[in-house]
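**Student:** Here's the letter readout for the chains.
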Amino acid sequence: MTNKPFGLLAEYKTPGELLHAAERLRDAGYKQFETYSPFPIHGMDNAMGINDSILGWIVVTCGATGLLSAIALQTWVSTSAYRIVTSGKLLFSFQAFVPVCFELMVLLSGFGAVFGMFFLNGLPQLYHPLFKKPTFRTVTSHGFFVTVESTDPRFSIDDTARFLHETGSTAVEVVEE
Amino acid sequence: MSNLNESPRLTGFLANGLPKLLFAVGFAGLGATAILWKQNPTQAAFSYLFSFLVFLSLTIGSLFFVIIQHLTRAGWSVVIRRIPETFAMNAWVMSILFLPIVYAIKTLYPWSHADIVNADHLLLGKQGYLNLKFFLIRAIAFFAIWIGMARYFYKRSTNQDTSGDKQLTLSMQGFSAAAILLFAISVTFAIVDWAMTLTPHWYSTMFGVYFFAGSAVCAFATMSLIALTLRKAGFLTDIIRIDHFHDIAKFLYGINIFWAYVSFSQYFLYWYANIPEETVWFQEHFFGSWNTVAALLALGHFFIPFVVFMSKHARRNLKVQCVVVIWFLMMHVTDLYWLIMPNFSHTGIHVTLTDVTTFFGIGGIYLALFWKRLASKSLIPNKDPRLSESLHHHT
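Chains P and C supply the protein sequences, listed in that same order.
For the first sequence, this note's numbering assigns the number 115 to the initial residue and increments by one for each residue that follows.
For the second sequence, this note's numbering assigns the number 7 to the initial residue and increments by one for each residue that follows.
Just so you know, these hints were derived from the structure itself, not from any lab.
List of simulated lysine-lysine pairs, DSBU-like, C-alpha gap at most 35 Å: (1) 256/C with 145/P; (2) 132/C with 203/P; (3) 318/C with 145/P; (4) 112/C with 139/C; (5) 318/C with 127/P; (6) 112/C with 44/C.
A few chain C residues facing chain P, derived, Cβ under 8 Å: (7) 270; (8) 274; (9) 277; (10) 280; (11) 400.
Restraint ranges, calculated between C-beta atoms of paired labels, are given here: (12) 140/C with 211/P: 39 to 45 Å; (13) 260/C with 169/P: 18 to 24 Å; (14) 237/P with 101/C: 55 to 61 Å; (15) 111/C with 211/P: 41 to 47 Å; (16) 150/C with 213/P: 36 to 42 Å; (17) 19/C with 217/P: 49 to 55 Å; (18) 130/P with 249/C: 18 to 24 Å; (19) 109/C with 182/P: 51 to 57 Å; (20) 167/P with 46/C: 54 to 60 Å; (21) 310/C with 153/P: 38 to 44 Å; (22) 235/P with 317/C: 20 to 26 Å.
Each residue gets a CB set at the ideal place from its N, CA and C atoms; glycine is no exception.
Here chain P stands alone, though its shape is the one from the complex:
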């Protein structure tokens, strides 16, 4: 046990207790902690002190890039690079550009949303220390868990474990890296 552990894993019996524990951890000043439950719990973002995701801004930026590049590409192609008069329409016909503008905007927004979400969540992640914990397997059916990571400045195995017990955890164990 010379290596620094990943952190502490604490189990709770009900979603209410989990929510309450998250609030206690947030108020105690912990930042690097995570909650796990079989289903989404309303108010958990707030209880954990998580701010709004910046994903929306990533999507907007990607969408704007798609829109502007579609306008630029089509304007350049139809008015200078490859000038063809189609059924008597003007070379610069914004009406004809709209479908491509829309598609490229949606495409890049979609990429931004999916890959931005991957990036913000640290995905793909092929290994996680919790996979080694047999107790953690109940998280997909009826287990409610908190992990406090050792990277948190307030983390200390003894104090944090005691604190987790105080919040109502039924079992606290160390998770090795």
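Starting from the known structure of chain P, arrange chain C on it as the hints suggest.
**Tutor:** Quick look at chain C alone, frame taken from chain P:
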């Protein structure tokens, strides 16, 4: 959250004073219209048709909201459902307000003149559909469908307020599938009859969807505005919460993008094909200052709200929502004005006194009846089986 067993009622000025005031405005407006009608029947008839369609779209859009909530078994919307239910019930007054249009058929619709039809090969071909008798039969059918459906949902919903019978919810859900079909067909044909045949040569398969999308925008915006008014007056403040306003705003935002998509598609296909008999309509609607109005619609109906209302924070801010829904309503009225009036005022936009008198005339009566009916029953379906889900709704 303790209101499950009480039925909140509308009282005070909104229930008593406001309907009286609105009736006064309505009758004054209609009276003034009647006087002005003699001076310039054509102008008055087109103004009347425009104002009629504004309030028809509100009725239609509200009916759509009610049907779609039952069709999808939506739980979130229970606390706001009484508002669109009440608006849809105004279908009967729209059927009476349709009578002046029947009176003005010859003024409005070129296909109603035998000499024009006989001199026109295309109109002769369409005579089997576009004739006075069939036009009236269809109008009766449309109103019968709308009044029938509005009553079906309203009666069951309000009966449930006292009986609490869950079977009523099941029967409304069962009927909603047939209702949405009847709705789509009747609205499409109605607007084709009443607005598209103003230019009887021209046709567009998008026209019904275009009107429907605008109607939904109008109805959702009005619903939000009524709920905001109730909130301001101190009704349902802890029942219709930010989460419900947020969901109305999302629905409104989505359907407005649909409106933009449909209206652009209609234009786009005709622009590409560039066939004279199809582009003639746009030539009229893009002529002179009408072109500016069309550009304003693209910018104001779609682009500005698209940007302003994109953020969750904007949608959850009731002050912002209030401004945006009023803006949407103004844009919807402009949209219908642009749809109807170029058929009369060919050279450009020209707002006249009858536009105002008909709008306030029909609007006054319409809204007075709305508030009266809203005050006559519980403000929410207070024994709906999904009420609890709606009260605890979080987005």
